[in-house]
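For the sequence shown, our numbering begins at 1 and goes up steadily by one.
Hint data in this document are derived by calculation from the structure and do not stem from the laboratory. Don't be surprised by glycine CBs; every beta carbon is placed ideally from N, CA and C. Just to be clear, a hint being listed does not mean it is correct.
[Claimed, not checked] Pairs of lysine-lysine residues, derived as DSS-like cross-links and limited to a Cα-Cα distance of at most 30 Å, are as follows:
no. : residue 1 : residue 2
1   : 428       : 497
2   : 497       : 633
3   : 319       : 405
4   : 296       : 319
5   : 319       : 160
6   : 586       : 505
7   : 505       : 633
8   : 284       : 320
9   : 497       : 405
[Stated by the list, open to error] Simulated DEER-style distance windows between Cβ atoms:
no. : residue 1 : residue 2 : range
10  : 298       : 548       : 18 to 26 Å
11  : 494       : 565       : 39 to 47 Å
12  : 160       : 604       : 43 to 51 Å
13  : 643       : 542       : 26 to 34 Å
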Amino acid sequence: MNNILTKLNKRKTTNFGGSIKIFLLFLIVFLIIIFVLAFFRVKSIYSNILVGRDNLNKALSYVGEGYFNEASTSAQEASLNFSSVSSSLDKIQNNIFFKKIKFINSNIRDFKYLAQTAEVLSRSASKSLFLIRDLEDLVAGNKASNFSEFSPEEKTLFLKTLYESYPEMNGIKANINLALVYLNQVGDNKILSSYSDKINLFRDQLTDISLAIEKVVSLSGIIPVLTGYPDPANYLIVLQNNNELRPTGGFIGTYGILEINLGDIKKLETYDIYHLDMPASLNKDFKVEPPLALKKYLGVDHWFMRDANWSPDWPISAKKLQWFYNEEALLSKGQSEVTNFSGVIAITPRLITDLLYIVGPIEISGQVYDKDNFIDILQYEVEMAFREDGISEWDRKLVIGEILKELKLRLFNLPSDRWMELVELFVKNIDEKNILVYLNDDYSRKVSSDLNWGGEVREADLDYLMVVDANLAAFKTDRVMEKKIKYTLEEVGDQFKARVEIIYKNNGWFDWQTTRYRTFTRVYTPLDSALVKSSGISSGEVVSSVDKEIYYPKSYFGGFISIEPGKTRTLVFEYILPKNIADKIKEEKIYSLDLQKQAGNNVSEFEANFNFSRPITEVKAWGDYEVDGNTLKWKNSLERDSYLEVKF
1 MNNILTKLNK
11 RKTTNFGGSI
21 KIFLLFLIVF
31 LIIIFVLAFF
41 RVKSIYSNIL
51 VGRDNLNKAL
61 SYVGEGYFNE
71 ASTSAQEASL
81 NFSSVSSSLD
91 KIQNNIFFKK
101 IKFINSNIRD
111 FKYLAQTAEV
121 LSRSASKSLF
131 LIRDLEDLVA
141 GNKASNFSEF
151 SPEEKTLFLK
161 TLYESYPEMN
171 GIKANINLAL
181 VYLNQVGDNK
191 ILSSYSDKIN
201 LFRDQLTDIS
211 LAIEKVVSLS
221 GIIPVLTGYP
231 DPANYLIVLQ
241 NNNELRPTGG
251 FIGTYGILEI
261 NLGDIKKLET
271 YDIYHLDMPA
281 SLNKDFKVEP
291 PLALKKYLGV
301 DHWFMRDANW
311 SPDWPISAKK
321 LQWFYNEEAL
331 LSKGQSEVTN
341 FSGVIAITPR
351 LITDLLYIVG
361 PIEISGQVYD
371 KDNFIDILQY
381 EVEMAFREDG
391 ISEWDRKLVI
401 GEILKELKLR
411 LFNLPSDRWM
421 ELVELFVKNI
431 DEKNILVYLN
441 DDYSRKVSSD
451 LNWGGEVREA
461 DLDYLMVVDA
471 NLAAFKTDRV
481 MEKKIKYTLE
491 EVGDQFKARV
501 EIIYKNNGWF
511 DWQTTRYRTF
521 TRVYTPLDSA
531 LVKSSGISSG
541 EVVSSVDKEI
551 YYPKSYFGGF
561 ISIEPGKTRT
571 LVFEYILPKN
581 IADKIKEEKI
591 YSLDLQKQAG
601 NNVSEFEANF
611 NFSRPITEVK
621 AWGDYEVDGN
631 TLKWKNSLER
641 DSYLEVKF
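Sequences and hints are given; from them, build the entire structure.
Shown next, in the form of structure tokens:
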């Protein structure tokens, strides 16, 4: 009996052992099949990556040669290649075997994000190239070498194509931002560690592309409207001389009327602003109370169009300018007409000098104006030389209209291969606030605001700063002023204490252009900021108030200061940020500062020092910065609006 049991046990053991061997063999075969399939899938992925890369290179090559159809096709093929890569990676990632292995799964996920980034960018390239092709075909199919030689039908088609591309361009912008989202998902991957520098560089480049395309998108939506498509447009033009700085850019000595339809300027006339203000000043019934600072430090009892840009918020000043124009036009005895404007455009001389850089020197009545001498010579012509030339004071500014008319002819005759240069120039001047646009149509105004043409006092998530100077009876002394701004923020207990120093140095002397500098300065801060103390105000009278007129109300502190030639003076305001902002900074462990530039104000240096009560972990800033534990130093040229974000 025992022998029988022993034999049975041996047989069972043998069968069990055989079963294990069969199972192991099956498992090995199964794994081999999986890895073979994975190998071929990986091989297919690698092949598609190489082909996708080649197709993108082809697209770039075709663009360089001007073959936009072929470039679009290659970009489309690249998109399909990278889409196939993403799909294959999905299948590997969803495989029940690989899904359980964390190392493989996380790496596949990162590779998939890279593939999706490439796919989205290729698709965006394809769409944008189709748009470029449509515009290129229109230009190439025309015998005209510049826009002015287009027929009315061709101008309509060109502007229509640009106008209708706005939604498509918005889609491309969204795709670029989506690609950035995918790229930012790529973790600290060991396999990709050797490529981390390239990935980070590509991320920075993609961020720059995103910012650039945002400008191009908005331009595609706003340029047709500005040039009279789909409807004719008329604009009130104001020329702001920032050598005599005012809140939105400069003193308005000249205004103009522009009528434009399908890119054709039907009317462009400029006038001395005193021609409009004078009849109103002689009318006893025209009484508009000026802002208190104008009344006190400029010595005026009535408010006229020349001083209408008192608010640093361009939409408010633009609406005031339109109101003053139409009210004063009623009193001008037919010299001016009441007009239902499409909007108001303000420009500073820097825009003109940059345009002269593109079109070259302009000669008017024997005088040559170029990018280097335009401001100085024009200033002399309209302030001094007109007497020597026998020109009446009433007609002394007619030369400005002649310059603008010639400039318009040169720009419209600019060859199509230089149009992109012109676009880049306008984008730069928009960023630097040398051109401000207010449009009365709600939709168009929203587009221009998105482009940052609007000049609004912006909403801020947390901290905010804008320093606004107003030259009051100081001639053109801003041309010789050197200005620096220092901002200090210190976290003390439950409060954030801020200090703003504005350092003024008058490098001029007493002559026909410059004198002692007289400015009424306002420092705009977050709503409900509390002033602690101030110093440097010449009159000793500090203003602490709230600007409720702007869309996003702000507190502001201000005062009048006078700086003699050759002297340096400093204006200081110390205040505490509102409790709701302090609480939000502590709760969300993040601090941000929206720094807005005053249009026309040439600040040579902005420096900020921050001292927080906790270590800084991350900084995003426009400009140079240094971090040391819980302190931060930030420097900026303040040529444009800037932003700083700090995480703890």
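Verification of the hints:
1. 428 - 497: violated (35 Å)
2. 497 - 633: holds (16 Å)
3. 319 - 405: Roughly 26 Å between the alpha carbons, so the hint for residue 319 and residue 405 holds.
4. 296 - 319: holds (24 Å)
5. 319 - 160: holds (29 Å)
6. 586 - 505: Violated. Residue 586 to residue 505 sits at ~38 Å, over the 30 Å cutoff.
7. 505 - 633: holds (23 Å)
8. 284 - 320: holds (21 Å)
9. 497 - 405: Violated, at roughly 52 Å.
10. 298 - 548: 18 to 26 Å: holds (23 Å)
11. 494 - 565: 39 to 47 Å: holds (46 Å)
12. 160 - 604: 43 to 51 Å: holds (45 Å)
13. 643 - 542: 26 to 34 Å: Given range 26 to 34 Å: holds, Cβ gap about 29 Å.
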